[in-house]
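Protein sequences, first through last, are from chains P and S.
Counting in the UniProt record's numbering, the first sequence runs from 1 upward without gaps.
Counting in the UniProt record's numbering, the second sequence runs from 1 upward without gaps.
Just so you know, the hints here were simulated from the structure itself, not pulled from any lab data.
With a straight-line Cα cutoff of 27 Å, these simulated DSSO-like cross-link-like pairs (lysine-lysine) come out:
hint : chain 1 : residue 1 : chain 2 : residue 2
1    : S       : Lys552    : S       : Lys459
2    : S       : Lys293    : S       : Lys459
3    : S       : Lys741    : P       : Lys52
4    : S       : Lys457    : S       : Lys552
5    : P       : Lys96     : S       : Lys650
6    : P       : Lys52     : S       : Lys751
7    : S       : Lys751    : S       : Lys741
8    : S       : Lys107    : S       : Lys22
9    : S       : Lys465    : S       : Lys104
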Amino acid sequence: MEILMSILIGFLFMAAIYLILSRSLLRIIIGTGLLSHGTHLLLITMGGLGGKNAPVLSEGVTDYVDPLPQALILTAIVISFGVTAFSLVLAYRTYKELGTDNMSLMKGTEDND
Amino acid sequence: MSLVFAIFTPVIAALLIPLLYKRVSAIHTGWFVLLIPVALVSLYATYIPPIIDGTTYKDELPWIPSLGLSFISYLDGLSLLFSLLITGIGALVVLYSIFYLDKKKEKLGNFYVYLLLFMSAMLGVVQSDHLISLYFFWELTSISSFLLIGYWYTKDRSRFGALKSMMITVFGGLMMLGGFVILGILGDTYSIRELIAQAPDLVDHKFFVWALVLVLLGAFTKSAQFPFYIWLPDAMEAPTPVSAYLHSATMVKAGLYLVARFTPIFALSEVWVWLVTGIGILTLLWGSFFAVKQTDLKAILAFSTVSQLGLIMSLLGIGSIAYHVTGDLVTTFTFATFAAIFHLMNHATFKGSLFMIAGIVDHETGTRDIRKLGGLMSLMPISFTIALIGSLSMAGVPPFNGFLSKEMFLDAVLNLKNFDLHALDSWWILFPIIAWIASVFTFVYSLYFVFHTFRGKHKPEQLPKAAHEAPVGMLLSPGILASLVVIIFFVPNFFGNTFIKPAVAAIQPLAYQVPADVGFTIKAWHGFDSLAMYMTLGVFLVGYLLFKTIPKWSPIYKTFPTKLSLNGMYDGLMRLGDSGANRFSSIYMTGSIRSYFVYMFTAIIVLLGGTMWIKDAFVISYENLAPIRFFEILISIILIVGTITILVTKSRLTAIIALGAVGYTVALFYILFKAPDLALTQLVIETVSVALFLGAFYHLPQMNKHEKGKEDRGFRLGNFLIALGVGVMVTLIAISSHSQKLIPSISEYYKETVYSEAGGGNIVNVILVDYRGFDTLFEISVLTIASLGIIGMITLRLAKKKGDRKVENK
Chain P
1 MEILMSILIG FLFMAAIYLI LSRSLLRIII GTGLLSHGTH LLLITMGGLG GKNAPVLSEG
61 VTDYVDPLPQ ALILTAIVIS FGVTAFSLVL AYRTYKELGT DNMSLMKGTE DND
Chain S
1 MSLVFAIFTP VIAALLIPLL YKRVSAIHTG WFVLLIPVAL VSLYATYIPP IIDGTTYKDE
61 LPWIPSLGLS FISYLDGLSL LFSLLITGIG ALVVLYSIFY LDKKKEKLGN FYVYLLLFMS
121 AMLGVVQSDH LISLYFFWEL TSISSFLLIG YWYTKDRSRF GALKSMMITV FGGLMMLGGF
181 VILGILGDTY SIRELIAQAP DLVDHKFFVW ALVLVLLGAF TKSAQFPFYI WLPDAMEAPT
241 PVSAYLHSAT MVKAGLYLVA RFTPIFALSE VWVWLVTGIG ILTLLWGSFF AVKQTDLKAI
301 LAFSTVSQLG LIMSLLGIGS IAYHVTGDLV TTFTFATFAA IFHLMNHATF KGSLFMIAGI
361 VDHETGTRDI RKLGGLMSLM PISFTIALIG SLSMAGVPPF NGFLSKEMFL DAVLNLKNFD
421 LHALDSWWIL FPIIAWIASV FTFVYSLYFV FHTFRGKHKP EQLPKAAHEA PVGMLLSPGI
481 LASLVVIIFF VPNFFGNTFI KPAVAAIQPL AYQVPADVGF TIKAWHGFDS LAMYMTLGVF
541 LVGYLLFKTI PKWSPIYKTF PTKLSLNGMY DGLMRLGDSG ANRFSSIYMT GSIRSYFVYM
601 FTAIIVLLGG TMWIKDAFVI SYENLAPIRF FEILISIILI VGTITILVTK SRLTAIIALG
661 AVGYTVALFY ILFKAPDLAL TQLVIETVSV ALFLGAFYHL PQMNKHEKGK EDRGFRLGNF
721 LIALGVGVMV TLIAISSHSQ KLIPSISEYY KETVYSEAGG GNIVNVILVD YRGFDTLFEI
781 SVLTIASLGI IGMITLRLAK KKGDRKVENK
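Please construct the entire structure, taking both the sequences and the accompanying hints into account.
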């Protein structure tokens, strides 16, 4: 399963980077969203997927899934959400100010340096 | 008074100069400045008698003791001679500048501060025994020289000359620092004294020659040797007192000092002998040849300085042969060192006076262009006399001191026949021939300088001012120097015994223990069997003929293309550096974020992939794998389909919904992987995110609205390959890192203690708020900052206001 997940994560990364390399600001932000999904899945995969039970104490159970990656991912999800929200609003403001969402047009010129 | 303090006296005094300049405007600031070199020269004069007896003085001021760094002032014959030159000529130059620079028109405060800074720096160079403090003062001379050349900073040529001299001398200075550091490491000491003592052990080390070449680069750039002389003619944009002081008498001799000072260390290597002698004699010929071409008085003198410095350099090189011979030959070759130091002193006298005369001519006629000058002899008789004395001395005519040293030079070059190293028996003859040709040209340009300025037809209509004799004060300094020129000729041995012999003893410590051992006497008359005398006569004869026929042969200078000249090369190099760096950075700094992403991702692929390839790090193991279940395959397929939809869709709405689908699929994965909290969070956050995306998308344009004809979603192979590369790298790294887990997880501890220590049952939540609560704290901060940032972005409109103002201004 881990090998299969690795390939899937690689695919997510590939898609994310392909989007990040494009010109449209929205596609870049979608790309970062995919990238964080890939990263979170990578974290949980590297922690091992063989566990039988969720990391919540219950009677007579000893075989729990590794809880540490889950805690890390939970933190990462929230942070990437904050960053995504921020960059979305930034994209919105950028479009309002500059009138374009084309990254190749957003180059520093002498006027707005 | 302590010797180290004496070094710093001028620069400390310089602190008072601006005050005096502002407060005491009635008196020319130079009069106050004059006191300092006069006091110093009297101080150093008191050291002359003990130095003649072979005493040396050492004074130390700790600077950074933990690094063994201190200002060590070491006074022996060589440094005393230089110190006297620096302070003596410094006094004369200050006196001259009092009459040369106008009290009202010039910024005298700046001038004298720079000049005093330079004086300190130069004294520091010649007295330092510590390599690093020597370098410190060395660069200080470069900086103060830069400031002085650019003194009239409103003139383009001044700034160009200052920059050029800075570039070249600082380049050499840095090379020299490299050489010093190598020497310091090889000898495990930065003291020149101690290095000299160790020199025989160092000479065979493989880095010794590196140190030698690097130090020589420093000396050659400072002393304007071939091919680094090009800064000197451009430095003539400085005020004439500066040219006279820095660029004839003192700073350019710092390189000679360096060569002389390091002779006891480096002369043990033959590379040194050949480099110093060869470059010196080449510079001599080159400088003398091109001096005749110049039309600016100071440029003639600049090239003549270059040439004379080459002469001294080659003599120092020949003198260092003494380290490779035994018996009587040692004396034969140390004679060259003696001649070098003697000529160094003579050159300071006559070249200083000539520069001052050139300045006087400029000051009194308004031009330095030799084509406009002429017939000034009757108008400026005293200047003419001084110029004549200086020029004839430079040409090597008796009864002036230049004659004595030129004869000694020819003798020393002829002595090369006694040295049979590397089949020199057939090649040595080149040196006297080159020396002779160079002497002929020296003779020609000396006559050219004085006669084309003062004889011939007077052309008053071409002169900006009506020519007349300079004031007495201005003539005083060149007059003193010119009388020295004559006095040295008549009592050469007084000067020889007093100044030259202690210096020679310092350069040749193996041959001479104390200055009294140096047994040379200077003779004006060598007898009829002296080959040098016949060579000199030949110089006079051929030189006179060439001088008379200058118009006939001077067109040969036009055959040298300007592009191939060294100045042309320097300019080209500077342009190349400028435009090359510009072009280079404009190639890779495109301003487009995509390019930078490409660099980063390519670096990831190349560095990680390369490392993996080289280390053969890819491992795949089928142990410890979880079984593959049907649901997981199903969800994977949904995930892949969703991702592909994002990639290929034309509508942004579809893309956003597909992203939401991917997010929910990920949440399903979390469920399958037994992560309830993650699934919960993921579902909520994905929902909010999609809502946000939709909100933003409502305001954003259609994906292609603003790029008509430019399909952004069109497939791009380059992007795809990079993306594929990164994806493959991630997969490979994930597989191999999972396949070789080296240490067990620390989670066992959490699982065991979650209830007993923390009193909770949900291990993930307890980790978040108890075991690793700090993470959560700052994650909350991140959210807070993000929301504050969003509020700020939406409510604040500072940039727009600024933009509005800009529009108004237009």
